[in-house]
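Asker: All chains should be built: construct the whole structure from the sequences, respecting the hints.
Protein sequences appear in the order of chains L and A.
Quick note: the first sequence uses the working numbering, first residue 12, plus one each step.
Quick note: the second sequence uses the working numbering, first residue 893, plus one each step.
In silico lysine to any residue, SDA-like type, Cα no more than 20 Å apart, as pairs:
1) A/LYS1009 / A/LEU1106
2) L/LYS84 / L/LEU267
3) A/LYS1009 / L/VAL28
4) A/LYS983 / A/TYR969
5) L/LYS26 / A/VAL1100
6) A/LYS1009 / L/ILE36
7) L/LYS25 / A/TYR1010
8) L/LYS26 / A/GLN1076
9) L/LYS25 / A/LEU1083
10) A/LYS922 / L/LEU203
11) A/LYS922 / L/TYR211
12) A/LYS922 / L/SER220
13) A/LYS1015 / L/ILE27
14) A/LYS1009 / A/VAL1100
15) L/LYS90 / L/ARG77
16) A/LYS1009 / A/ARG1087
17) L/LYS90 / L/ASN286
18) L/LYS204 / L/ALA214
Over the 12 Å line for every Cβ pair with chain L, so calculated as not near, a few chain A residues:
19) THR965
20) LEU966
21) SER970
22) ILE973
23) ASP977
24) PRO979
25) VAL990
26) GLY1077
27) VAL1078
28) PRO1079
29) LEU1082
30) ALA1085
31) GLY1110
32) CYS1113
Here's a subset of chain L near chain A, in silico, CB distances under 10 Å, partners left out:
33) TYR47
34) ILE121
35) ARG129
36) ILE256
These are computed hints drawn from the structure, not numbers from a lab.
Built from N, CA and C at the ideal position, the CB exists for glycine as well.
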Amino acid sequence: MPPGVFQNMTFARKKIVWAYIFLAIPIVFFAYIRVYPALFAFQMSLHDYNPLAAEQPYVGLENYERLFEQLGKRKSQTKSAFQNTINYVLLGVPIQLCLALAIALMLNEIRVMSTLYRIMFFLPFVTSTIAIAWVFRMLYQPRFGLFNVILQLVSLPQQPFLRSTQQALPSVLALVIWQGMGFAIIIFLAGLKQIPRTYYEAAEVDGASRWHTFRYITFPLLNPSIVYLLVLQSISFLRMFAPVIAMTEQGRGGPLDSTVTVVLQTYREAFQSFNMGYASSLTVVLFALILGVTIIQLSVTSRRIN
Amino acid sequence: MAQSITPSNIFRDQGRVTAVGRASDDWKYKFFSYLLLTMIAFTMIVPFLWMISTSFKPESEILRRNVFPQEPTLDNYSDVINKTDLPLWYKNSFIVAVMSTVSVAFFDSLAGYVFAKYNFPGKRPIFIIFLTSLMVPTEMLLIPWFIMSSNPPIGATWVDTYWGIAFPGVITASGIFLMRQFMQGVPDELLDAGRIDGVSEFGLYWRVAVPLSLPAIGALCIFNFLGNWNAFIWPLIATTRSEMFTLPVGIQQFSSEADTPWNLIMTGASLSVVPLLIVVIIFQRYIIEGIALTGLKG
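Answerer: And the structure:
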């Protein structure tokens, strides 16, 4: 054995020991604060879990049966929660991404003041959702709210906004789209910078129109950014909670459950009615939805790139 | 997806890529771009202006339709500061955000350093477990966390304590992943040279790896501070007494009284939003580059 090998071995072993020492706290943390609670949530969903009761009896899949029974009814709070959440995703994500893409394309072409615009589009994103949702709630008020003041100035009829079962959901959605757009704009701008300039020069030589350049160069090459944002924004719309609790009467997701979301429903079941077992089954279904969205969107992309 | 962008080239050239030879319609396109962008930018700041303007209005002017206060007053500010727990909420938000940011800066960078620079049995499975925890939505963990907080392994209860509000975020998987990417750029030769000179393994992290990754750690700190400052759902569950509320929870509770004190809510909102906006404007370059670079979401 040449000299030095033994030394190197202990050296390598020492490094392994140090690696575990450095990782000890993070490993314990993830095991206890992330992994164990996730398993606990699954387990809870199989129990009639009420923290105030003496016992938490095992009920098998009863919570899930109740959940699907509620979904099967013509009208129930759980059903509204799921329907609204899906509406938020299906309306919110495409509108937000189309607006953000249009803005990013315009920002990408201008030089003067582009930093100023960027900051202005970006400010809502770093603002507290609760604070700004209350501001929007005031803007939506009848009579003195800014939106109704503007409607009156241009002689249009006053609108109830958050007080109408039809308009409440789009009103909440408008705030969420407004607030999250800055993030999507920044990701799109970073994606646009990635596209090699030579492609545009070639298109120019061929006399391609702006629309054709967008359709056949920008849009396909922006695909990674689009998919990344589709996944991320779908997940954040699925998890919507703060805007609804801040903008509806007593945080109930009204009027008449027209804005309630799955997470708000979970919060009310768990922390107001103490049906923690049933609430856990709601979060498990939410988890499945999020996982499904991620998998579907990732598989669609990998196919398109191939 | 944005890994190969470097901070310097994101902003240096504001990409005049498509406009080279289309001088004829170029100015029209630009004109409409500026017009539209200005209109959209206006809708972005009007809610903030409305919030600030209302915070200076006396109560009698709230229901009137004037945009700016006719008789501006500071009464709302003195009311909010003297008659509500808002100063305490401020302090709580600040303590919780600083606590978790310091912890995240240290533990995330240390774990990222280990995953980037050490080889040890079990490295892959441990890293994969850390990453898959990102797939589990925090909403699923809220109820177990609440049960754990009311009956914790250490202490009597975590409810209504700073640790109780902060603990879910003191180490983050996304931060570890980000730091691992950056720490991979630390040259091995430098670390080995340090080892030969007898620098301890922790010394190598602290005096070589950390100084070389300061920009990334800085970006991580900013996002983490913002995220904690604005965090709502867990602080709502983890606090029951007004003295322990964070700012978002406190602002939400303003409404519980019979009718809505709009001027006080707007004052509270201004106080919670404006200082942060100033900080964000100062660091905007850094923050926007950080998002573009990492795809991190506050």
